[in-house]
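Enquirer: Protein chains in written order, with our numbering: chain L, 1 to 910; chain X, 1 to 910.
Where hints are given, some of them may not hold.
With a straight-line Cα cutoff of 30 angstroms, these simulated DSS-like cross-link-like pairs (lysine-lysine) come out [unchecked claim]:
{"#": "1", "chain 1": "L", "residue 1": "Lys833", "chain 2": "X", "residue 2": "Lys833"}
{"#": "2", "chain 1": "X", "residue 1": "Lys737", "chain 2": "L", "residue 2": "Lys737"}
{"#": "3", "chain 1": "X", "residue 1": "Lys671", "chain 2": "L", "residue 2": "Lys417"}
{"#": "4", "chain 1": "X", "residue 1": "Lys812", "chain 2": "L", "residue 2": "Lys737"}
{"#": "5", "chain 1": "L", "residue 1": "Lys812", "chain 2": "X", "residue 2": "Lys737"}
{"#": "6", "chain 1": "L", "residue 1": "Lys594", "chain 2": "L", "residue 2": "Lys671"}
{"#": "7", "chain 1": "X", "residue 1": "Lys812", "chain 2": "L", "residue 2": "Lys671"}
{"#": "8", "chain 1": "X", "residue 1": "Lys833", "chain 2": "L", "residue 2": "Lys671"}
{"#": "9", "chain 1": "L", "residue 1": "Lys229", "chain 2": "X", "residue 2": "Lys737"}
Honestly, the hints are just simulated from the structure, not real lab data.
Listed below are the residues making up each chain.
2 protein chains.
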Amino acid sequence: MTTGEKWVYMFDEGNKEMRDLLGGKGAGLAEMTRAGLPVPYGFKVTTRACIEYLETGTFPPGLREQILEALRRLEERVGKRFGDPTNPLLVSVRSGARASMPGMMDTVLNLGMNDEVAEGMVRLTNNPRFVYDAYRRFIMMFSDVVMGVHRERFEELFQEKKRELGVTQDVEVDAKSLKELVEEFKALYQREKGEPFPQEPLVQLFRAVEAVFRSWNNPRAVEYRRQNKIPHSWGTAVNVQMMVFGNMGNDSGTGVAFTRNPATGAKELYGEFLQNAQGEDVVAGIRTPMPIARMREVLPEVYEQFVRFAEQLERHYKDVQDLEFTVERGRLYMLQTRSGKRTAVAAFRIATDLVDEGIAEPHEALLTVDPHLFEQLLHPQFDLQEKAKHPLLATGVNASPGAAAGRVVFEADDAVKMAQEWGRVLLVRRQTEPDDIHGMAAAQGILTSIGGATSHAAVVARGMGKPCVAGCGALQIDYEKQQFTVEKDGKLILVRRGDYVSIDGTTGEVFLGDIPTVPSEVMQVVTGRMRPEESEIFQRVSRVLQWADEYRALGVRANADTPRDAMLARRFGAEGVGLCRTEHMFFGEERIPKFQRMILAETREEREAALADLQPFQQQDFEGILEAMDGLPVIIRLLDPPLHEFLPQTEEDIQNLSAKIGIPAERIREKVRALHEVNPMLGHRGCRLGITYPEIYRMQVRAIYEAAAALKKRGLNPVPEVMIPLVGIVQELEVLKEDLTQVAQEVLQREGVDLPIIMGTMIEVPRAALTADEIAQHAAFFSFGTNDLTQTTFGFSRDDAEGKFLDEYITKRILETNPFEVLDRRGVGELVKLGTQRGRQANPNLEVGICGEHGGEPLSVAFCHEADLDYVSCSPPRVPIARLAAAQAQIRQPRQRRRKSPHEAKGGLL
Amino acid sequence: MTTGEKWVYMFDEGNKEMRDLLGGKGAGLAEMTRAGLPVPYGFKVTTRACIEYLETGTFPPGLREQILEALRRLEERVGKRFGDPTNPLLVSVRSGARASMPGMMDTVLNLGMNDEVAEGMVRLTNNPRFVYDAYRRFIMMFSDVVMGVHRERFEELFQEKKRELGVTQDVEVDAKSLKELVEEFKALYQREKGEPFPQEPLVQLFRAVEAVFRSWNNPRAVEYRRQNKIPHSWGTAVNVQMMVFGNMGNDSGTGVAFTRNPATGAKELYGEFLQNAQGEDVVAGIRTPMPIARMREVLPEVYEQFVRFAEQLERHYKDVQDLEFTVERGRLYMLQTRSGKRTAVAAFRIATDLVDEGIAEPHEALLTVDPHLFEQLLHPQFDLQEKAKHPLLATGVNASPGAAAGRVVFEADDAVKMAQEWGRVLLVRRQTEPDDIHGMAAAQGILTSIGGATSHAAVVARGMGKPCVAGCGALQIDYEKQQFTVEKDGKLILVRRGDYVSIDGTTGEVFLGDIPTVPSEVMQVVTGRMRPEESEIFQRVSRVLQWADEYRALGVRANADTPRDAMLARRFGAEGVGLCRTEHMFFGEERIPKFQRMILAETREEREAALADLQPFQQQDFEGILEAMDGLPVIIRLLDPPLHEFLPQTEEDIQNLSAKIGIPAERIREKVRALHEVNPMLGHRGCRLGITYPEIYRMQVRAIYEAAAALKKRGLNPVPEVMIPLVGIVQELEVLKEDLTQVAQEVLQREGVDLPIIMGTMIEVPRAALTADEIAQHAAFFSFGTNDLTQTTFGFSRDDAEGKFLDEYITKRILETNPFEVLDRRGVGELVKLGTQRGRQANPNLEVGICGEHGGEPLSVAFCHEADLDYVSCSPPRVPIARLAAAQAQIRQPRQRRRKSPHEAKGGLL
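Full structure from sequences and hints, please.
Expert: Structure follows, in structure tokens:
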């Protein structure tokens, strides 16, 4: 903590580069203010102030003074005074983190209101209904957000008032009743908190700032960060801004809009406008607003002005903007601009359009695509023929694309529970709230009856990549009976909890029944069922990935264990196989008994005979994979798992195996006992097996080089590389390499084929990284096995941690993210860097990659780029993600080392 | 490899500082030659040449030429010529490693002999019997050692010859028959090897050098190194030396002697002399030689000369010397001097005597004591009353002290097998051979009928610290019938395999039956059953340890879980408790059900109630330990093992527990299932438990500070320190420390006691060492848990490795030593150093120690000294070992950082 630190910035201080300190919203407000757009003036409290507050539980020294000074400047600029009934300034106090976390943290509007100010405002506006409505809202929000008196308590009073008045709509409640409500609200507050509702605006302000700070750690925000891999350490900024009012009549209103359609990417303003309303009404989805285009009819001049601002901001940021605005008595105010969340289809369309329209250069457009989105493009879609057979129930807003079918549930908790039992569930709600996100995560898709394309359900579903149909008003949902009804063609259709419903988030359609799905367009092209030129989205993705390949410095390979996977990987653009696991090859029906016979062998001769039986199978697999990757390197990892994994464990399975392969059950039982391990993860596996049973690895190496020789003779160019797993001691590698090189040489000599013998190792225990200088002298390549390396570096196994304490660690913010998903830079990352440096120092030709699951995770790919690795390897469908992430890493932080071969995956489609 | 490297040194080149390069024997020969002692001249091939040979399979460039040049210089110096029948030079070719490995590697004597040389020698000596006996021996040794034709094949021919002649003793075979035998031996060689016996001396020489190189890796040498923790990478030197002959008549002979008694330490020449024999006859124990003192009678002048040389060498080396010599026709030749292996009693007596006699300074005397030996002093002895009840069977040479009883076996393999079944076995052999060492290791003690105090059995048993009675000639051993007989008082007593026999290696007595043992003198003093002044050995040990304390820079603490252990540790000189494990405190009969109830609790309230029940027990333990260590720090580790370790696993045990504590079996079963872990070592344990069940640690901390407060009120000075285990993420420590500090403060405030709250952590996963800079900011101390750190750094668990592949790794020399016994400097050691440096950088007051089992192992203690740790902590009986090892480390390699408090263990006896 620096006591002299600047904690508070006015809106015309700072810019979009200061996101980390000012938050996304704050940086955007600064940028818009400096660009001369009409932004209600205000100031921002930094994220660092929030972090200090959360650590110490109190405002850091100087913050209070800086806020008072900023308030003074704000008053001066707007010509109003905080708490002055003759010319009152009201403000909003909003969170604003570095990354957008829609609806997760707290906001207080209309702050600065009190009895005197209200009276003064009535005199000024001559609109007591507006004033007491604002005061009522303020008391409710302040009490709820700042003081922990639940807003439902206030809503109840409001409902009661409406019942008394015999009305149903908020707008039907008159000024007098609202004024009474204000008194009732204040009384409720006093009962609950034992003090009168605070009338002093400065008290309101400081308490609200603290509340926003604290809301960073509310459970739903923590859960959201966990799901979205946002570090808990960032903290939120607080924006204090002059209030403008969209609820001052029909020449007022509030809206949100994207500069392009975030679902489809189409170049059109996409959003909603609500006349005579405050912003919260739109975001919360309580009233269904009009499409933004209709604003042209009701407020034509304001609309034209807004269109200009939207275009200006998109050009400025070179990306789709998600805008919030308010119209106060015919005057447009811009309240927020930020990069818009979008679907995968939209992201690739927008990126290519931005370039084609001359708004962005390819390297700028590349940065607008979240690499994770690519996965969405592989999601299945409804089979059109099947879809035609199912009755259309209703149509809502196509809020998040994709097809989803499941059994209907109505509560988030129920979704989580029944997803376990039923497999697929569909969450149906009138509208969703931040508390529902765990249920949304558990569901296949979300269907709501209220709210539009920017409602909570829509925004969160798009963020999760889940299909969502929103605002489907035809649904009459009855939570109590756990059912909904739809009136269709004069008939009432009843859907109960547990019934199947299918939704198409791309079209907004809702169907009765469980419609089967087919692969997505991209998958159909990649698997050859559709031609590239038939798919527009495929072509757009392909363009973006080609740009990515031009930029990226990091190679991208795939983990593939079968010829089919290898082929697929190549079509996804893999530049080789970074990890081919050989153990899965032993599990085929014909193979497993042979492998079991090998394990149960009592002499080396018996074992060798069983292995000889297996060799043709392995060889055939290797031929297929090497052929699929012709001309590109294929790293084949020798047997890794402990042998007991291949034997039956229950008495029944032992008896069955005995009957099948004719070995006495007692011998099998004996072997199972002998092979039992206390900690299989830390047991007799990897190269340890290779050393105690040299004949296994010898067979595998024989199969690899026989396969390569056969291909070579057919005129192909196989590039096999042998990877010895789990080396932690240089002598392990030395001993095995010497033996296996000889085996390989024998094969090549016998076959009369010339091929370089390339052997390397996986670095997956800390000692291997620490002694990389020794190991690299005997290795052509290192491949970091970051799954195991994470387990041994932390000293916890994934199996045991994920079920038991890892979730709690993340919730309690002991860990920022799950280290099995996002590579732990500080610990595991240091070993990766250290192993790479020491290895290359001892062997400058050493090729270094990573083949853990992290290889397809964008943050981890960025780390691998920084750590100067040669390549990452990941599952085939993640290859495009890694290509994108690698390009973004190079654009953001260019490095010297470039991947050896430019993208030359001749069979590559994407 | 340096091609210009000097591979060969003449005997007057090099000195005792060059042991690493020249081997122990070679350095000794150089030293004796330079001191003017009569050493047969020769030269040495370096250990580096051996390493090069073993790596490449061929002589390094230049070695052959350097050997030829050295041979030329040898011929010049002694005036004889290699292969010249008119003036032949014969040489011995012997191994000589850095550390003594008695009998483990190969030797060839009489090399340079061939048909022509033999005839020439007959002409020169006029002693054909001697010449052909020498030729015969040479063919046998060369064939056996160099060419792999087993010596038994030759022995059979010799036995047959003796049968033909009707004689039993070797010396009865005449010259003519010996000459015939030479021809028969050569014929056997030709049959076996398909080539004539090599007549060319240079061929013999080069082949012999290679054979000695190779013998470094023979199985028994590898096994010996494994047991004695000698690195496999050292290699052996080769000594080529002019032959002198002890078998040229009764004015000739050969002997071995220690300058002091290696069993008792008494200041007396101790050894044997064999007239008219070659050296191998003594070491192999085939003929029983005369005690060295009797040499004074047969060769008085030579004896006096030898006594002078012995004294000279002891003063020169400031340590007991183990000497080999030969007398050739009345002329004394010194063949070897080396530091003598000795028993623990001897070691401490000698060290103190050397100082008292003015031969060595304390720091020099300290270096003569192998710290491991201390353990021998704790070995039990026979209960004298019980001993009196058992019949004395026979008496042999008291070759290695201590009491041992067990069931008789006659074969090394049988010893290994039956030790598993019977527990204690006693290995009875006519004599032992290098192939027997695994059986000696498995046995409680060794009893032989042939050979004396320097026989193989005696030397190896002393090295192992095992009791041995050697050369007990009364035993008539029948291997076939697996029995021995002793004639006593006219009766024949029969002892069969499986019968109990007891031996006292201190007295040489052999008894029938199984005599119970009592604690050793040192243990009796330490446990208060004998006064220090009653025990001479105790006083000597005490003096040596006091010297050690003056020198050492490293603190020594003990691992103690009970007040009894803490008291014992303090008496052994511990300066505090470095690790008090709290989990064992839950296993008492009254306690375990309470702890189980805690685990089975369904609510936090239930759990807290069960914990409250346990607190008084913990508190009582802590009071006892803190009281025993009054004034010294006691590091208490909070609960570490996973909870399932405390629950029954079998259905039967579950039923029993259910009946006992009245919780339904199903609930227990459910919990056992829920707590099951795939890899318990990497599971929900250590601070991970502390975080998910905060109430457990809270109870423990409450108990610690309640205990400390109670002692404080009694006027004592408790110094508890709380250790949070298994931290790998700084936030784990932060969160727990904050919570537990508050708990401790509450206790201290309530009790009105002022005590510093000291909290630290164990560093036992790699990530903790890597992020030590972060962790140290929240820790008062680090304690390296090198057991777990070894497991996670290597990625193998001790349980799974030791049974499965670790032995093979050591045999195949993938690992030099078992990393769970000797700390792995290269990997684990680097993490220890790195963690220490980073930790101290962030927190200069950080105290750093080690509490794994390595803390009591001398090589590891030396590492901890070098790594600049503050202290080591080990089991109480190993405290003196650590004190000695720490002093030796400081003497050998002084460092700046000294332990904080000088040895102030007020209750310390030793």
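Enquirer: Against each hint, give a clear statement of whether it holds in the structure.
Expert: Outcome of the hint check:
no.	hint	verdict
1	L:Lys833 to X:Lys833	holds (18 angstroms)
2	X:Lys737 to L:Lys737	violated (48 angstroms)
3	X:Lys671 to L:Lys417	holds (21 angstroms)
4	X:Lys812 to L:Lys737	holds (15 angstroms)
5	L:Lys812 to X:Lys737	holds (15 angstroms)
6	L:Lys594 to L:Lys671	holds (16 angstroms)
7	X:Lys812 to L:Lys671	holds (24 angstroms)
8	X:Lys833 to L:Lys671	violated (42 angstroms)
9	L:Lys229 to X:Lys737	holds (27 angstroms)
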